[in-house]
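2 protein chains.
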Amino acid sequence: MKKKLLVCAVQQPCGDDSRQVNLDYSIQKIREAATQNADLVVLPELHLGKYFCQTEHHSVFDLAQAIPGETTAILSALAKELKVVIVSTIFERRAAGLYHNTAVVFDKDGSIAGKYRKMHIPDDPAFYEKYYFTPGDLGFTPIETSIGKLGVLICWDQWYPEAARLMALAGADVLIYPTAIGWDRDDTCEEQAKQLEAWITVQRGHAVANGLPVISCNRIGFETAPDSESGIEFWGNSFIAGPQGEFLAHANASDSQILMAEIDKTHAETVRRIWPFLRDRRIDAFSDLTKRFID
Amino acid sequence: MKKKLLVCAVQQPCGDDSRQVNLDYSIQKIREAATQNADLVVLPELHLGKYFCQTEHHSVFDLAQAIPGETTAILSALAKELKVVIVSTIFERRAAGLYHNTAVVFDKDGSIAGKYRKMHIPDDPAFYEKYYFTPGDLGFTPIETSIGKLGVLICWDQWYPEAARLMALAGADVLIYPTAIGWDRDDTCEEQAKQLEAWITVQRGHAVANGLPVISCNRIGFETAPDSESGIEFWGNSFIAGPQGEFLAHANASDSQILMAEIDKTHAETVRRIWPFLRDRRIDAFSDLTKRFID
Numbered sequence: 024m025k026k027k028l029l030v031c032a033v034q035q036p037c038g039d040d041s042r043q044v045n046l047d048y049s050i051q052k053i054r055e056a057a058t059q060n061a062d063l064v065v066l067p068e069l070h071l072g073k074y075f076c077q078t079e080h081h082s083v084f085d086l087a088q089a090i091p092g093e094t095t096a097i098l099s100a101l102a103k104e105l106k107v108v109i110v111s112t113i114f115e116r117r118a119a120g121l122y123h124n125t126a127v128v129f130d131k132d133g134s135i136a137g138k139y140r141k142m143h144i145p146d147d148p149a150f151y152e153k154y155y156f157t158p159g160d161l162g163f164t165p166i167e168t169s170i171g172k173l174g175v176l177i178c179w180d181q182w183y184p185e186a187a188r189l190m191a192l193a194g195a196d197v198l199i200y201p202t203a204i205g206w207d208r209d210d211t212c213e214e215q216a217k218q219l220e221a222w223i224t225v226q227r228g229h230a231v232a233n234g235l236p237v238i239s240c241n242r243i244g245f246e247t248a249p250d251s252e253s254g255i256e257f258w259g260n261s262f263i264a265g266p267q268g269e270f271l272a273h274a275n276a277s278d279s280q281i282l283m284a285e286i287d288k289t290h291a292e293t294v295r296r297i298w299p300f301l302r303d304r305r306i307d308a309f310s311d312l313t314k315r316f317i318d
Numbered sequence: 024m025k026k027k028l029l030v031c032a033v034q035q036p037c038g039d040d041s042r043q044v045n046l047d048y049s050i051q052k053i054r055e056a057a058t059q060n061a062d063l064v065v066l067p068e069l070h071l072g073k074y075f076c077q078t079e080h081h082s083v084f085d086l087a088q089a090i091p092g093e094t095t096a097i098l099s100a101l102a103k104e105l106k107v108v109i110v111s112t113i114f115e116r117r118a119a120g121l122y123h124n125t126a127v128v129f130d131k132d133g134s135i136a137g138k139y140r141k142m143h144i145p146d147d148p149a150f151y152e153k154y155y156f157t158p159g160d161l162g163f164t165p166i167e168t169s170i171g172k173l174g175v176l177i178c179w180d181q182w183y184p185e186a187a188r189l190m191a192l193a194g195a196d197v198l199i200y201p202t203a204i205g206w207d208r209d210d211t212c213e214e215q216a217k218q219l220e221a222w223i224t225v226q227r228g229h230a231v232a233n234g235l236p237v238i239s240c241n242r243i244g245f246e247t248a249p250d251s252e253s254g255i256e257f258w259g260n261s262f263i264a265g266p267q268g269e270f271l272a273h274a275n276a277s278d279s280q281i282l283m284a285e286i287d288k289t290h291a292e293t294v295r296r297i298w299p300f301l302r303d304r305r306i307d308a309f310s311d312l313t314k315r316f317i318d
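Chains as they are written, first to last, in the numbering used here: chain A, 24 to 318; chain B, 24 to 318.
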């Protein structure tokens, strides 16, 4: 297994009304990354279309698809052709009335190496995900691939140190966060800056606490809610950080960008020797972490 | 109970050979903070003297003292006189052969509100703490005071999201980290910068993940190891962050400084409504957090 990996986050808009247009855009970027010898390409959360959770409508469930299905067939073929590992997030139809927000990992041979169903589901004004997505039931399990164990999580998971830690304890070589997060334009610039910085900080914190690189891949662009002028300004700022939380690559808030960095799996081992956090965890005193609150 | 608190971190040198000199310095700073109406003053970890864990010597245990004891009597009287809450960290002699690194919280009436025994004990070249300190056995329990519940942790704890989370789940209003951390001068400037940034980032990450303010109080100055020219350059950079991880105050690497900020307990509630992380924790899937590793 390679020790040094060239990893890539495709920061892109996903707001075209045509699924095909959004997918073709992703495919073009994956091809570009592959010509630069990327081992791994991460796409933003639910990159096939507009972020549809700004409102609740029955008809939206028509967008869901089976895994494996139409989109996975296309990305499987692409992964095999380009010999690149791809992380895509798809609105999964598992059964009638049962849907998930699911990341699929395609290995270099085109096989589906595994999937991760988003465990933490948000619900906020304009992010009505609890309506659409059943919470994942596959746990926090890294996905074994030809390039290493991928600790794939999705968006809201990024705020939870528990999720990152469980991936690390299960042997993940890297934490990966496809995401769709943005600003409410009604917020002040100061509040917007605080939110963005908090989002970056907490994920870099997971890198530090676990001695693991982190890849966070967000979309860009303003998307209005149906029948409304309000919407979400997706804030980009995709980044790749090393196992001390240091930036290896960092995109801005508005540009379509192929973000690349080399991560060295042996470096994480060195960092964990300098700061041997895993050695000293007080697991004898952690049982209350499974409580909702201690009261 | 007051909603707005004026909190303070005393960044100071602690390297004088005389315990009295170091303590008098702390007392002077506490008096200055009190004249500015501070509600809470946090001192650096083990502020009574040099960081003695750079080597292992039997005789060092002579520095330990009982709690309550000589130092707590002085700080109790001071807290009562100034009507200020004080957080001090003391090398505790609990019994013959049984010692802890212990934070003591003095309430405004001079009483000992509670203590916290450092749970995560490091052991690295020049930080031989496992030799001196028995791991704490009081758990991660916030200390109830007249100004709120203080989530007091110590130094190495700061790298552990579990510790911060358990304090938050137990109702802490603020996370407090007295600390003694610094650079090895043999490291490159780049490596030193990375370490400092990682230390800040992971603690700001705890603020974000838990929607809580954080007070981190470090010492300054270079302290040589006994019989050696090598030593630790304590990196200061004490800071106070709000519940989105935003800096409210931030000291530099070398100056003695009284760092002050107002924290508003109602603001944390607002932040937790915007980002209701506690609502969505997948406690049904967290049981493996009590494992050393998942293999």
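I should point out that these hints are in silico values taken from the structure, not numbers from a laboratory.
Please note that a few of the clues may not be correct.
Identical copies carry no separate label here, and so any pair may be met within one copy or between two of them.
The list that follows gives simulated cross-link-like pairs (lysine to any residue, SDA-like), each with its CA atoms no further than 20 angstroms apart [to be verified]:
{"no.": "1", "residue 1": "K27", "residue 2": "D47"}
{"no.": "2", "residue 1": "K172", "residue 2": "T58"}
{"no.": "3", "residue 1": "K26", "residue 2": "K106"}
{"no.": "4", "residue 1": "K314", "residue 2": "H273"}
{"no.": "5", "residue 1": "K217", "residue 2": "T289"}
{"no.": "6", "residue 1": "K217", "residue 2": "H273"}
{"no.": "7", "residue 1": "K172", "residue 2": "D250"}
{"no.": "8", "residue 1": "K172", "residue 2": "L192"}
{"no.": "9", "residue 1": "K217", "residue 2": "T293"}
{"no.": "10", "residue 1": "K314", "residue 2": "G162"}
{"no.": "11", "residue 1": "K217", "residue 2": "I297"}
{"no.": "12", "residue 1": "K217", "residue 2": "F270"}
{"no.": "13", "residue 1": "K131", "residue 2": "T293"}
{"no.": "14", "residue 1": "K27", "residue 2": "V83"}
{"no.": "15", "residue 1": "K131", "residue 2": "Q215"}
{"no.": "16", "residue 1": "K217", "residue 2": "A57"}
{"no.": "17", "residue 1": "K172", "residue 2": "L161"}
{"no.": "18", "residue 1": "K288", "residue 2": "F316"}
{"no.": "19", "residue 1": "K25", "residue 2": "L219"}
So, going through the hints one by one against the coordinates:
no.: 1; hint: K27 - D47; verdict: neither (29 angstroms within a copy, 53 angstroms between copies)
no.: 2; hint: K172 - T58; verdict: neither (23 angstroms within a copy, 56 angstroms between copies)
no.: 3; hint: K26 - K106; verdict: within (17 angstroms within a copy, 58 angstroms between copies)
no.: 4; hint: K314 - H273; verdict: neither (36 angstroms within a copy, 34 angstroms between copies)
no.: 5; hint: K217 - T289; verdict: between (34 angstroms within a copy, 18 angstroms between copies)
no.: 6; hint: K217 - H273; verdict: both (17 angstroms within a copy, 16 angstroms between copies)
no.: 7; hint: K172 - D250; verdict: neither (43 angstroms within a copy, 46 angstroms between copies)
no.: 8; hint: K172 - L192; verdict: within (12 angstroms within a copy, 31 angstroms between copies)
no.: 9; hint: K217 - T293; verdict: between (32 angstroms within a copy, 14 angstroms between copies)
no.: 10; hint: K314 - G162; verdict: both (17 angstroms within a copy, 15 angstroms between copies)
no.: 11; hint: K217 - I297; verdict: between (31 angstroms within a copy, 12 angstroms between copies)
no.: 12; hint: K217 - F270; verdict: both (18 angstroms within a copy, 10 angstroms between copies)
no.: 13; hint: K131 - T293; verdict: neither (28 angstroms within a copy, 46 angstroms between copies)
no.: 14; hint: K27 - V83; verdict: neither (41 angstroms within a copy, 46 angstroms between copies)
no.: 15; hint: K131 - Q215; verdict: neither (39 angstroms within a copy, 38 angstroms between copies)
no.: 16; hint: K217 - A57; verdict: neither (35 angstroms within a copy, 31 angstroms between copies)
no.: 17; hint: K172 - L161; verdict: within (16 angstroms within a copy, 37 angstroms between copies)
no.: 18; hint: K288 - F316; verdict: between (37 angstroms within a copy, 18 angstroms between copies)
no.: 19; hint: K25 - L219; verdict: neither (34 angstroms within a copy, 30 angstroms between copies)
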